[in-house]
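Per UniProt numbering, residue 1 is the first one in the sequence shown, and the count goes up by one each step.
No lab work stands behind these hints, which were simulated from the structure alone.
For every residue, glycine included, the Cβ atom is placed at its ideal position computed from N, Cα and C.
Wrong hints could be hidden among the right ones.
Derived DEER-like restraints, expressed as beta-carbon distance ranges [what the hints assert, rightly or not]: (1) D119 <-> K92: 34 to 40 Å; (2) R155 <-> V23: 43 to 49 Å; (3) G96 <-> K218: 36 to 42 Å.
Below 20 Å or equal to it, Euclidean Cα-Cα: the simulated SDA-like pairs (lysine to any residue) are [what the hints assert, rightly or not]: (4) K216 <-> T196; (5) K219 <-> L176; (6) K218 <-> K204; (7) K153 <-> K199; (8) K100 <-> A45; (9) K92 <-> S58; (10) K36 <-> A110; (11) K28 <-> S58; (12) K153 <-> K111; (13) K111 <-> I7; (14) K204 <-> D192; (15) K82 <-> S58.
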Amino acid sequence: MALLLLIPRPRDTFAMGMVKIIVLGDYKWHLYIYPKGEQGSDYLALYLEVDDYQSLPSGWRRNAQFRLTIVNQKSQDLSVQKASTAQRWFDKPGPGWGFKEMISFTTLNAKDGGFLVNDELLVAAEVEVLDVDGILGQPVRRISELHPDVASKFRGKNQNLKTTCMSFLLSLMETLRQPVKELSYEDLEEADMALTYLKYVNFKVDWLETELEQVKKKKETEEA
Numbered sequence: 001m002a003l004l005l006l007i008p009r010p011r012d013t014f015a016m017g018m019v020k021i022i023v024l025g026d027y028k029w030h031l032y033i034y035p036k037g038e039q040g041s042d043y044l045a046l047y048l049e050v051d052d053y054q055s056l057p058s059g060w061r062r063n064a065q066f067r068l069t070i071v072n073q074k075s076q077d078l079s080v081q082k083a084s085t086a087q088r089w090f091d092k093p094g095p096g097w098g099f100k101e102m103i104s105f106t107t108l109n110a111k112d113g114g115f116l117v118n119d120e121l122l123v124a125a126e127v128e129v130l131d132v133d134g135i136l137g138q139p140v141r142r143i144s145e146l147h148p149d150v151a152s153k154f155r156g157k158n159q160n161l162k163t164t165c166m167s168f169l170l171s172l173m174e175t176l177r178q179p180v181k182e183l184s185y186e187d188l189e190e191a192d193m194a195l196t197y198l199k200y201v202n203f204k205v206d207w208l209e210t211e212l213e214q215v216k217k218k219k220e221t222e223e224a
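Turn these sequences into a full structure, and let the hints steer you where they fit.
Written as structure tokens, this is what we have:
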């Protein structure tokens with residue numbers, strides 16, 4: 001599962017700030033950012049942590065693979081992406097994993113560098129929770145089977161970015177399958193943002209754009 005987040009520019013006045021609670025699949029996570037670096041580092045640090053882990057039952061564990069991306073809003077091929085090199089166990093002693101050196105402040109703050117646009121940072125979080133046997137529960141490749149031409153004109157050359165975009169697409173599809181009454185306007189705004197990005201990278205998502213508009217109209221009718 002994947003999620004695209006537009007985050008206000010990290011402020012230097014906070015040593016660490018919890019950006020927001022994010023929902024990926026059936027799980028909630030915290031996305032943490034260190035805007036001043038970690039332990040004096042010259043890099044922005046980014047971490048993923050299980051939400052409300054202290055209230056979970058004794059002995060809980062969650063096996064997952066994840067990928068975090070600082071999206072370059074001018075050229076996606078320049079995006080900075082880091083992924084777990086192996087499966088990670090999220091548990092009470094270690095509820096969070098991430099990257100101490102996600103992106104250097106020099107690169108992040110470069111004038112016209114494409115990472116900070118209108119004082120906002122675009123972050124992508126992608127997580128696959130694994131079952132006890134370590135097999136991916138919901139491979140994103142199924143999208144290609146349903147819509148073979150969806151990524152045929154993908155603009156990028158980076159295969160990892162393509163996989164991430166496919167995960168965004170799967171998450172968006174699942175969002176729009178939810179009952180309209182369970183969708184908030186914030187959910188629809190995030191869906192709009194994800195769809196805009198997918199169109200930017202030349203994904204063929206006209207069918208999904210139509211579906212999103214239908215959901216919006218149903219929501220408006222429901223709220224009227």
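Outcome of the hint check:
1. D119 <-> K92: 34 to 40 Å: 37 Å, holds
2. R155 <-> V23: 43 to 49 Å: 28 Å Cβ-Cβ, so the 43 to 49 Å window is violated.
3. G96 <-> K218: 36 to 42 Å: The hint (36 to 42 Å, Cβ to Cβ) holds, given that G96 and K218 are roughly 38 Å apart.
4. K216 <-> T196: 15 Å, holds
5. K219 <-> L176: 11 Å, holds
6. K218 <-> K204: At roughly 24 Å apart (the allowed maximum being 20 Å), K204 and K218 break the hint.
7. K153 <-> K199: At roughly 10 Å apart (the allowed maximum being 20 Å), K199 and K153 satisfy the hint.
8. K100 <-> A45: 5 Å, holds
9. K92 <-> S58: Distance of about 8 Å is within 20 Å: holds.
10. K36 <-> A110: 16 Å, holds
11. K28 <-> S58: Between K28 and S58 the Cα gap is close to 18 Å, so the pair holds against 20 Å.
12. K153 <-> K111: 30 Å, violated
13. K111 <-> I7: 18 Å, holds
14. K204 <-> D192: 15 Å, holds
15. K82 <-> S58: 31 Å, violated
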